[in-house]
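So you can see what is in the structure, the chains are spelled out below.
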Amino acid sequence: MTEPSQAANALELKDLSVAYRVGRRDRAVLRNVNLTIKAGEAYGLVGESGCGKSTVALSVVRYLPRNGSITGGSIALDGKDVMKLDSEALRRARADSVSMVYQDPGKALNPSLRIGRQLTEIFELAGITGQAAEDKALAMLNRVRISDPASVMQRYPHQLSGGMQQRVAIAMALANDPSMLILDEPTTGLDATVEAEVLDLIGQLRRELSASILFISHNLAVVSNMCDRVGVLYAGMLVEEGSTKDVFNDPRHPYTVALLRCLPRGGQRKDQGRLDTIPGFLPGIGANIVGCAFADRCALATERCRAEPPPLYDLGGGRLSRCHYHDKAQSLPRATPAEIAAVQPKQAPPVLQVEGLNKTYASHGRPLRAVKDVSVSLRPGETLGLVGESGSGKTTFARLLLGLVPPDDGGSIELEGKKLAPRLASRSEDQVKAVQIVFQNPDSALNRSHSIRHILSRALKRLGGLSGKTLDTRLEKLVRSVRLTDRHLAVKPRQLSGGLKQRVAIARAFAGDPRIVVCDEPTSALDVSVQAAILNLLADLQSRQDVSYIFISHDLGVVRYLSDKIAVLYLGRIMEFGPSEAVFSGPHHPYTEALLSAVPKLDRTESSRIRLDGEIPSAANPPTGCVFHTRCPRKIGAICETQEPQLTEAQPGHTIRCHIPYAELARLQAPRITAAEPA
Amino acid sequence: MSATDTPASLPAPSAPDATRRSPWGEVLHSLSRSGTFLTGLFILLFWVVCALFGQHFVPYDPLESDIINALTPPAADHWFGTDQLGRDVFSRVIVGSRDILTVAPLATILATIAGTALGLVIGYFRGIVDDIVSRVLEAFMAIPVVIIALLAIVALGTSKITVIVVIGLSFAPIIARTVRSAVLAERELDYVAAAKLRHEGALHTMFVEILPNVIPPILVETTVRLGYAIFAVATLSFMGFGIQPPSPDWGLSISSNYGMIGGGFWWTVLFDALAIASLVIGVNLVADGVHGAFND
Numbered sequence: 001m002t003e004p005s006q007a008a009n010a011l012e013l014k015d016l017s018v019a020y021r022v023g024r025r026d027r028a029v030l031r032n033v034n035l036t037i038k039a040g041e042a043y044g045l046v047g048e049s050g051c052g053k054s055t056v057a058l059s060v061v062r063y064l065p066r067n068g069s070i071t072g073g074s075i076a077l078d079g080k081d082v083m084k085l086d087s088e089a090l091r092r093a094r095a096d097s098v099s100m101v102y103q104d105p106g107k108a109l110n111p112s113l114r115i116g117r118q119l120t121e122i123f124e125l126a127g128i129t130g131q132a133a134e135d136k137a138l139a140m141l142n143r144v145r146i147s148d149p150a151s152v153m154q155r156y157p158h159q160l161s162g163g164m165q166q167r168v169a170i171a172m173a174l175a176n177d178p179s180m181l182i183l184d185e186p187t188t189g190l191d192a193t194v195e196a197e198v199l200d201l202i203g204q205l206r207r208e209l210s211a212s213i214l215f216i217s218h219n220l221a222v223v224s225n226m227c228d229r230v231g232v233l234y235a236g237m238l239v240e241e242g243s244t245k246d247v248f249n250d251p252r253h254p255y256t257v258a259l260l261r262c263l264p265r266g267g268q269r270k271d272q273g274r275l276d277t278i279p280g281f282l283p284g285i286g287a288n289i290v291g292c293a294f295a296d297r298c299a300l301a302t303e304r305c306r307a308e309p310p311p312l313y314d315l316g317g318g319r320l321s322r323c324h325y326h327d328k329a330q331s332l333p334r335a336t337p338a339e340i341a342a343v344q345p346k347q348a349p350p351v352l353q354v355e356g357l358n359k360t361y362a363s364h365g366r367p368l369r370a371v372k373d374v375s376v377s378l379r380p381g382e383t384l385g386l387v388g389e390s391g392s393g394k395t396t397f398a399r400l401l402l403g404l405v406p407p408d409d410g411g412s413i414e415l416e417g418k419k420l421a422p423r424l425a426s427r428s429e430d431q432v433k434a435v436q437i438v439f440q441n442p443d444s445a446l447n448r449s450h451s452i453r454h455i456l457s458r459a460l461k462r463l464g465g466l467s468g469k470t471l472d473t474r475l476e477k478l479v480r481s482v483r484l485t486d487r488h489l490a491v492k493p494r495q496l497s498g499g500l501k502q503r504v505a506i507a508r509a510f511a512g513d514p515r516i517v518v519c520d521e522p523t524s525a526l527d528v529s530v531q532a533a534i535l536n537l538l539a540d541l542q543s544r545q546d547v548s549y550i551f552i553s554h555d556l557g558v559v560r561y562l563s564d565k566i567a568v569l570y571l572g573r574i575m576e577f578g579p580s581e582a583v584f585s586g587p588h589h590p591y592t593e594a595l596l597s598a599v600p601k602l603d604r605t606e607s608s609r610i611r612l613d614g615e616i617p618s619a620a621n622p623p624t625g626c627v628f629h630t631r632c633p634r635k636i637g638a639i640c641e642t643q644e645p646q647l648t649e650a651q652p653g654h655t656i657r658c659h660i661p662y663a664e665l666a667r668l669q670a671p672r673i674t675a676a677e678p679a
Numbered sequence: 001m002s003a004t005d006t007p008a009s010l011p012a013p014s015a016p017d018a019t020r021r022s023p024w025g026e027v028l029h030s031l032s033r034s035g036t037f038l039t040g041l042f043i044l045l046f047w048v049v050c051a052l053f054g055q056h057f058v059p060y061d062p063l064e065s066d067i068i069n070a071l072t073p074p075a076a077d078h079w080f081g082t083d084q085l086g087r088d089v090f091s092r093v094i095v096g097s098r099d100i101l102t103v104a105p106l107a108t109i110l111a112t113i114a115g116t117a118l119g120l121v122i123g124y125f126r127g128i129v130d131d132i133v134s135r136v137l138e139a140f141m142a143i144p145v146v147i148i149a150l151l152a153i154v155a156l157g158t159s160k161i162t163v164i165v166v167i168g169l170s171f172a173p174i175i176a177r178t179v180r181s182a183v184l185a186e187r188e189l190d191y192v193a194a195a196k197l198r199h200e201g202a203l204h205t206m207f208v209e210i211l212p213n214v215i216p217p218i219l220v221e222t223t224v225r226l227g228y229a230i231f232a233v234a235t236l237s238f239m240g241f242g243i244q245p246p247s248p249d250w251g252l253s254i255s256s257n258y259g260m261i262g263g264g265f266w267w268t269v270l271f272d273a274l275a276i277a278s279l280v281i282g283v284n285l286v287a288d289g290v291h292g293a294f295n296d
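Here the protein sequences line up with chains U and G, keeping their order. UniProt numbering applies: residue 1 is where the first sequence begins, and numbers increase by one. UniProt numbering applies: residue 1 is where the second sequence begins, and numbers increase by one.
No wet-lab data here; the hints were simulated from the structure. Here the structure is a predicted model, which is why all the values come from computation and not from measurement.
Listed next, the in silico DSSO-like pairs over lysine-lysine satisfying Cα-Cα at most 30 angstroms (straight line):
no.	chain 1	residue 1	chain 2	residue 2
1	G	196	U	492
2	U	635	U	601
3	G	196	U	461
4	U	372	G	196
5	U	245	U	14
6	G	196	U	418
7	U	419	G	196
Some chain U residues flagged as far from chain G (calculated, every beta-carbon gap over 10 angstroms):
no.	residue
8	72
9	86
10	249
11	622
Glycine included, C-beta positions come from ideal geometry on N, C-alpha and C.
Produce the complete structure using the sequences and hints provided.
Put into structure tokens, the structure is as follows:
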């Protein structure tokens with residue numbers, strides 16, 4: 001960086017307060033936030049949704065929504081007071097010194113302009129035109145390591161995958177060589193493998209560009225891998241700050257402590273104890289806070305916490321904590337008792353037996369094999385985790401089970417030994433109620449025009465065959481089993497928070513005593529504390545009702561917590577299938593190995609990671625031989641390209657589709673396996 | 001594991017958020033602050049009051065002829081003048097809103113009911129049903145209302161019922177198309193899949209699950225169609241296919257007087273024309289307001 005601002009801090013927020021005007025009242029969103037990002041530093045801002053993370057980002061570039069206003073404090077970019085800039089100076093500042101990358105690259109790029117045009121536009125603003133601008137644009141694409149940049153220049157955004165779109169967005173953000181780069185949840189919508197690539201890229205660019213970074217994420221692990229320092233935001237206040245290593249390994253605020261405990265870590269499993277949760281809820285925006293904002297949810301809180309707002313205590317070494325009792329924050333008692341009674345493994349006959357299931361769609365006249373020759377079996381009370389990148393056929397497989405789409409002829413699905421009709425309409429009432437689903441997005445899954453009582457009563461009537469008094473009694477029990485109360489019955493879904501809505505969706509799935517419940521990313525739209533509560537609920541219901549789950553999630557930590565068996569899917573094929581522990585601890589399929597390696601981990605320093613090259617191939621035109629050979633880091637030769645490997649049994653119950661013999665996989669992965677087993 | 005509901009095992013659920021207005025409350029609030037909507041509503045209500053009570057406060061019987069005072073220009077005793085039969089134009093304009101404000105809304109309601117049912121069916125079933133019905137509707141929409149009216153009148157004879165049926169049925173396809181596109185978006189939502197997973201019948205899914213969620217676009221389309229229906233009724237009456245004499249209906253009055261504009265008797269036509277215009281504008285302002293309130 002050549003600017004003279006080297007000496008100044010890249011970003012300095014002093015006592016920043018922001019309010020949104022809602023219903024003729026200013027509601028505080030940020031309360032006296034002090035934050036400094038030094039030149040070249042990467043600063044992470046974490047916290048649950050609604051705590052004000054994005055508002056910080058929008059304030060810095062003065063892009064607050066119309067009803068938002070800065071009510072106090074100051075913002076300095078490179079030593080310049082952003083608040084005092086006139087509109088032209090503000091425009092220049094945005095053009096020259098600060099850039100932003102948003103969560104959804106599909107929305108950040110103009111859908112009707114070619115990538116090349118969108119990039120050259122930025123250089124034209126700086127006075128570079130024609131061939132020179134094109135060359136610079138090409139250089140930018142090279143810098144973000146996009147394959148075949150010349151052809152990408154000619155394409156429209158919709159012709160690129162999500163990961164490539166985000167690379168282009170990053171290229172655009174870096175084009176003006178900003179001194180400050182703001183990344184607002186840049187990898188949240190991406191697959192773990194793609195996320196890992198984008199994070200690697202950001203890490204490399206940091207070293208090349210020396211731009212300062214404000215990295216906003218709800219994902220603690222991502223922040224811990226990317227940032228030098230981290231700030232924890234709660235109810236619009238900075239409650240803890242310090243170096244990333246200190247904050248995550250030795251948190252000094254009960255909120256940080258609780259947040260870290262909500263995550264299933266270190267290969268934790270459901271039979272090893274419940275996840276901890278955070279009781280209560282974030283104070284609403286604009287709430288009048290007396291004392292500590294976290295006091296209502298904190299088991300350590302005393303009278304002093306409720307009466308006297310804690311200052312930001314300086315703990316030395318650049319560490320700050322807004323807690324009166326920061327020295328004993330880690331003694332925070334669990335909100336949820338960990339102990340659960342051991343479940344006896346059963347040797348019951350399988351509840352679900354899938355043999356040779358196929359689904360072929362027609363795509364532009366070509367067959368697209370979304371699910372190919374999938375066979376799995378599942379016992380009562382067990383969870384089958386489905387993992388794989390998007391496009392691997394997880395959701396299609398779930399829809400085949402549910403009967404929402406009919407499979408190809410041949411193949412069979414057996415429920416408790418009886419064959420299930422391919423189409424939902426031809427299944428019996430008993431079979432229909434036996435297989436239910438919890439959808440990813442409760443806003444879509446719950447009818448917004450109906451009250452919760454209507455939604456659940458209808459499910460009990462249709463699935464439980466109940467009516468009148470028995471229905472009312474059962475409704476009460478059902479509502480209590482998902483830890484809702486009568487008060488929640490009268491309202492419409494929109495009046496409930498995301499976690500409560502998901503409980504209603506779970507209650508609905510359980511209305512008819514199902515044998516199998518498909519959980520399609522049920523927690524991916526939720527905050528970690530809410531996620532922990534939902535996972536606990538699912539585990540409780542399972543042990544009580546002996547129900548089996550098909551659990552789909554991109555979060556491998558969550559899958560590992562809940563699953564007894566894992567199926568790894570790639571291009572509609574099972575690449576590996578076996579007991580959860582065997583699949584996770586390895587030796588495993590090279591694809592599984594890459595997936596696991598892509599997961600950012602909180603409690604592990606950077607070790608060598610396996611990266612997959614390129615994009616997942618199209619299922620309409622799968623590679624010959626082993627479908628994974630185009631991206632496989634352990635490809636052994638021509639045999640991979642010509643001959644599709646069979647699923648072979650590596651150990652009893654654990655099958656792998658790979659030409660590399662099991663013993664050889666064990667030898668190759670030996671160092672990694674020990675590294676992947678965290679303390 | 002013990003099956004006890006240990007209260008500590010999950011966080012206490014919060015009280016439902018009652019501070020937020022319901023979506024309908026939001027719409028009403030927004031309407032009450034919309035100048036467009038309130039202006040339109042004022043005009044519309046004015047004509048509704050005229051239709052309901054006009055006959056009690058007009059200075060003359062709108063049907064009573066007074067040949068001696070025929071075609072007098074606007075003056076103190078006849079504010080809007082008199083027509084060729086000496087009838088008071090002011091009284092006729094005020095009372096003339098009655099038939100059009102009966103026929104047009106009824107036609108619109110018929111169009112809405114028929115169009116909604118049709119739109120739900122083709123949007124929900126899609127595929128071959130949609131292909132066939134949509135093509136038939138498009139063919140139907142290509143025929144001018146007047147032609148359909150002529151055919152209907154030949155078949156059914158002139159009456160208000162005929163006008164209602166003709167306009168109602170010719171507007172139904174337009175509403176059906178709007179409903180269809182709303183249903184197409186709605187049926188992809190997971191609550192529809194959830195209904196299938198309860199073995200709900202198609203009728204339940206369409207009318208109980210989907211219909212309440214597509215009410216907003218239907219309401220907007222209905223108010224827009226009401227404006228067009230008023231225009232259509234006036235046109236048919238003007239052509240003699242609509243409301244029949246001796247009603248003081250505006251379209252009918254213009255039709256029987258427009259030949260006299262050449263003779264300089266402009267007042268026999270102008271006030272009826274302004275009345276139609278004001279009513280159509282009023283309804284369209286209401287429609288704009290409703291559209292704005294739902295799309296905020």
